[in-house]
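Chemist: In case you want the letters, here they are:
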Amino acid sequence: MVELFVQVMHPSILFPWFMAMLFGIFAGATPGLTATMATALIVPISYYMSPLAGLAMIIGATFTAIFAGDIPATFLRIPGTPASSAATLDGYQLTLQGKGGYALTLDLICSALGGLMGVGILIFVAPPLAQLALRFSSAEYFWLGLFGLSMSAVVSKGNTFRGIIAACFGLLVSTVGMDVTTGHPRFTFGQLDLLSGVGFIPAMIGLFGLSEVLKLVSNRDALRQPSIASAVKISLRKALPVVWRHKFTVLRSGGIGTVIGALPGAGADIAAWVSYGMAKKFSRNPDKFGTGADEGVIAPTSANNAGLAGAWIPALVFGVPGDSITAIVVGAMLMYGLRPGPLIFEQSRELVNGIFLIAVLTQFMLIGVGLLGIKAFGRILQLPRNAVIVIVLMFSIVGSFALQNSIFDIYIMIAFGIIGFYLEKNDVPLPPLILGLILGPMVERNLRVGLVRTQGDFLPFLTRPVSSVLAIALFITLFGGPILGLLRRLLSKYAAKRNEP
Amino acid sequence: MNDDKQNVNESSSNQDQSETLSQPSTSDTRKYSLNFPILLLLIGVTTLYFSSQLPVFIQRGQRLPGPQYFPTMLGVFFCVASVVELLRYISCRRRHASGCGDQADPRSEATTISTVSFRLWSRIERVARNWGNQSVALLLGALLVFVLILPSLGFLLTGFAFSLLILLRLKARPVPAVLLSVALVVIIAFIFVSAFRVPLPRGILSLPF
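Taken in sequence, the protein lines are chains A and B. Sequential numbering of the first sequence, starting at 1, is according to the working numbering. Sequential numbering of the second sequence, starting at 1, is according to the working numbering.
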C-alpha cells in the first residue's frame, strides 16, 4: 500500500494529474465545454505517458469538471456541464440571496464526499463482480453489450427511438475495417487507413469537440459574454456543520448517484436530477426546495460526482461503459494496451489498485483545487468565448493527428464533427453513438462466436440463466415504458366505460 | 461593409421573430423533417448493398454468421427505422397543418404565393443569410483547407492562419487575435513536438527546438 502511494505520488504522475485537475476546472466552469470534451481532449496527450498517469489525468479532470460545472450554474444560472443543471435551482437562489460563496463551498464539500462514496462502493463492489463476470460466456457479453446500448438510448435526452438509431449507427461505424473473426476487410473501399477501423479517438474528438464548437459558432448569442459575479466569500466554517446536519442526504444521494451511474448509459446528469427529487421527497420541509434550500444544493452535487465513480464499475468489470466519459476511458485503456474486463483484476491488480487510490486521493485534492476554482472563476469567464473556441479547435486538430501521426485521422475528426452537429440538430442523442462505436466489436464478436459454437442456434442465448435475465432486462428497458403506458390507457378507458351507465 | 452588417442584423432579428412566433406550435414538430427518413433509407440500402458483396462464411458445409451477418442486420434495421421515421413524419404533418421540421416556417405559410419553388428558394436564402450557418460553413471550409495545405506549408503557418481567420470571424480585435494565434501555435508545437515527439508537419517554417 505504501509502495503504491509512493508510486502514485511520483512527479511523473502527480504533475499531469494536478494539471489535468486545473484543466477540469477550466473545462467544467466554461459553459459549452463539458467533462466529456475535457476527457476527449486529454486522451491524445495521455497517450505519451504511462497508463496510470493517463488514467490519473482522466480521473482528475472529470471529477473536477463535474464539480466546476456547478460554479457558473450557481453564480449565473448557466450550467457549465449537463450534469450540473440541477445546481441552477437552489444554488442560484442562494446567490440571489448573496450567499453564492457559501452555496459553492457546500457544493464543493459534498462533491468530494459524494465522489468518495462512489469510489468506496466501486472499490468494494468491483472485485466480487469481476469474480462473477469470469464465468460469463459470449452469450452474456452479447446481452450485456446490447443492454448497455439500449439503456443509453432510453435514458438519453431526446426520444428513445432516435437513441436506438444513434446506437446502431455507432455499431455500423464499428464494423468498418478488418472483420473481427475472419480478417476480411469491410467497407474500407480500398482505403488502407480504414483497415484498422475508424479511429475511436478522432471520432470522439469530432463528436464532442468539433460538433460543440459548431454549435457554439452557429449561435451568435452563445458568443456573448455572461456578466461576472462580484467578489466571492468562501466560508468553510459555516458550510461544514450544515453538511453534518444533512449527512443522510449526502449518504442517500451518494448511494443513488453510484447506482444510477453504474447503469450503462445513465450518467451523472440523471443521477443529479433523481437524487434532487428524492431529497425533496424525504425532506422535512419540501416547500423550501427551489428557494435556496441547503439540501437542494447538497443532493444533486453529491450524486453527480458519485455517479461518475459508479460509471467506472461496469466499465472496469465488464468493459461496458456506464456513460460517455467511461466510454472514452474504455477506448483509452484499449489504446494503452489494457483490456477492461474481469481479467484485468487478476492480470493487472496493481494498476486497478492504482486507479482506486488515485480516485480516492482526487476527492481530497478536489477540495483544494475547487476552492482555487471558485476564486478564479471570474478570471475564467473573462476569457473571451472566441478564444476558447479557437483553443478547442486547435487541440482537436492536433489531438486527432497526434495519435497515429495521421492526416487521415483529422478528416475522420471533421467528418464526425459534422455528423454530430447534424444528428444533434435532428434530436438524435450522441452518447449512444459513442457507446455503439466502442461496444460494436464486443457485441458482434460475442454474437458470432456464440452462434458458431452453437452451430447457428440462437436458443442457448436465451436459456443460460444469466443471459435470460439480461435478455428480459433488455426487453423491459426497451418496451417496459410503452407497454405500461398502453396498459394504463386501456385501464382508464375500461374504468371510464364502467362509470358511464 | 456597413450594408452587409445591417443585412446580418436584419436576418438575425427576423429569425428571432420567427422563432418566438413558431414556438408554441412547432416545439415538437421541428424534430420531424423529411430529410431524416430519406437519409436513414440511404444508409440502410447502401449498407445492405455493400454487405451483400462480402463473402459468406461456410464451415463444414454449414453456413454460419460471417463478415456480412452483422452489417446486414444493421442495414435491415436502418430500412425499418426509415419507415418508422417516415410514418412519424406523416402523422406529424397530419396533426399540424403548418408543416413539420424544416418546412415549419410561418412566413412562407402566410404568403399566398406558396409554390414549392418559392418556398424552397426562400428557405435556401434564409439558411444562407443566417450568420450562424455562414460561420459554420466558413469554419468547415477553413478546416478542410487547413488539412489540405498542412503537409506542404507546415503546422506553424497553417495553424496561425487558421486560428487568426476564425478569431477575426468571431469578432476578436485584430491585435489580440494575432497575439493569441502566435502563442497558441507555438505552445501547441512546443507541447507536442518537444515533449511528446509528435512529428507535426514542419513545412517551410519550423521551430528552433
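Any given hint could turn out to be false.
[Stated by the list, open to error] Straight line, CA to CA, 20 Å or less: simulated SDA-like cross-link-like pairs of lysine to any residue:
#1 A:K215 - B:N130
#2 A:K425 - B:L138
#3 A:K425 - B:F57
#4 B:K171 - A:R220
#5 A:K425 - B:K171
#6 A:K425 - B:L165
#7 A:K215 - B:R169
#8 A:K288 - B:G141
#9 A:K493 - B:V127
#10 A:K425 - B:A137
#11 A:K425 - B:R123
#12 A:K215 - B:L41
#13 A:K425 - B:R88
#14 A:K425 - B:M73
#15 B:K171 - A:P384
#16 A:K233 - B:S135
#17 A:K215 - B:C92
#18 A:K215 - B:A137
#19 A:K99 - B:R169
#20 A:K425 - B:S33
#21 A:K425 - B:V127
#22 A:K215 - B:R126
#23 A:K215 - B:R88
#24 A:K425 - B:N130
#25 B:K171 - A:F458
#26 A:K215 - B:S135
Read the hints as simulated data drawn from the structure, not as lab findings.
Chemist: A separate judgement is required for each hint: does it hold in the structure or not?
Modeler: Going through the hints against the structure:
1. With a C-alpha separation of about 14 Å, the suggested pairing of A:K215 with B:N130 holds against the 20 Å cut-off.
2. Straight-line distance between C-alpha atoms of A:K425 and B:L138 comes to about 19 Å, which keeps the hinted pair within the 20 Å bound.
3. Between A:K425 and B:F57 the CA atoms are separated by roughly 40 Å; this puts the pair beyond 20 Å, and the hint is violated.
4. A distance of roughly 11 Å separates the Cα atoms of B:K171 and A:R220; the hinted pair therefore holds under the 20 Å criterion.
5. Simply put, A:K425 and B:K171 have alpha-carbon atoms about 25 Å apart, too far for the 20 Å limit, and the pair is violated.
6. Between the alpha carbons of A:K425 and B:L165 the distance comes to roughly 26 Å, so the proposed pair goes past 20 Å and is violated.
7. The suggested pairing of A:K215 with B:R169 holds, with an alpha-carbon distance near 15 Å, which does not exceed 20 Å.
8. For the proposed pair A:K288 and B:G141, the alpha carbon gap of about 52 Å is over 20 Å, so the pair is violated.
9. For the suggested pair A:K493 and B:V127, the alpha carbons sit about 46 Å apart, so the restraint of at most 20 Å is broken.
10. Annotation: proposed proximity of A:K425 to B:A137 holds, straight-line Cα distance about 15 Å (limit 20 Å).
11. Only pairs whose Cα atoms come within 20 Å are accepted, and A:K425 paired with B:R123 is accepted, the gap being roughly 17 Å.
12. Our distance criterion of 20 Å between C-alpha atoms is broken by A:K215 and B:L41, whose separation comes to about 26 Å.
13. Between the alpha carbons of A:K425 and B:R88 the distance comes to roughly 17 Å, so the proposed pair stays at or under 20 Å and holds.
14. Restraint check for A:K425 and B:M73: the C-alpha separation of about 27 Å exceeds 20 Å, so the hint is violated.
15. Pair hint B:K171 plus A:P384 holds up; C-alpha atoms about 10 Å apart against a cutoff of 20 Å.
16. Restraint check: the Cα-Cα separation between A:K233 and B:S135 comes to about 40 Å, which exceeds 20 Å; the hinted pair is violated.
17. For the proposed pair A:K215 and B:C92, the alpha carbon gap of about 26 Å is over 20 Å, so the pair is violated.
18. A distance of roughly 12 Å separates the Cα atoms of A:K215 and B:A137; the hinted pair therefore holds under the 20 Å criterion.
19. For the given pair, A:K99 sits about 39 Å from B:R169 by alpha-carbon distance, which is inconsistent with the 20 Å threshold.
20. For the suggested pair A:K425 and B:S33, the alpha carbons sit about 11 Å apart, so the restraint of at most 20 Å is met.
21. For the suggested pair A:K425 and B:V127, the alpha carbons sit about 14 Å apart, so the restraint of at most 20 Å is met.
22. Our distance criterion of 20 Å between C-alpha atoms is met by A:K215 and B:R126, whose separation comes to about 18 Å.
23. A distance of roughly 26 Å separates the Cα atoms of A:K215 and B:R88; the hinted pair therefore is violated under the 20 Å criterion.
24. Our distance criterion of 20 Å between C-alpha atoms is met by A:K425 and B:N130, whose separation comes to about 16 Å.
25. Straight-line distance between C-alpha atoms of B:K171 and A:F458 comes to about 60 Å, which puts the hinted pair past the 20 Å bound.
26. At most 20 Å may separate the alpha-carbon atoms for a hinted pair to count; A:K215 and B:S135 meet this at roughly 10 Å.
Comparing the model with each numbered hint stated earlier shows that hints 3, 5, 6, 8, 9, 12, 14, 16, 17, 19, 23, 25 do not hold.
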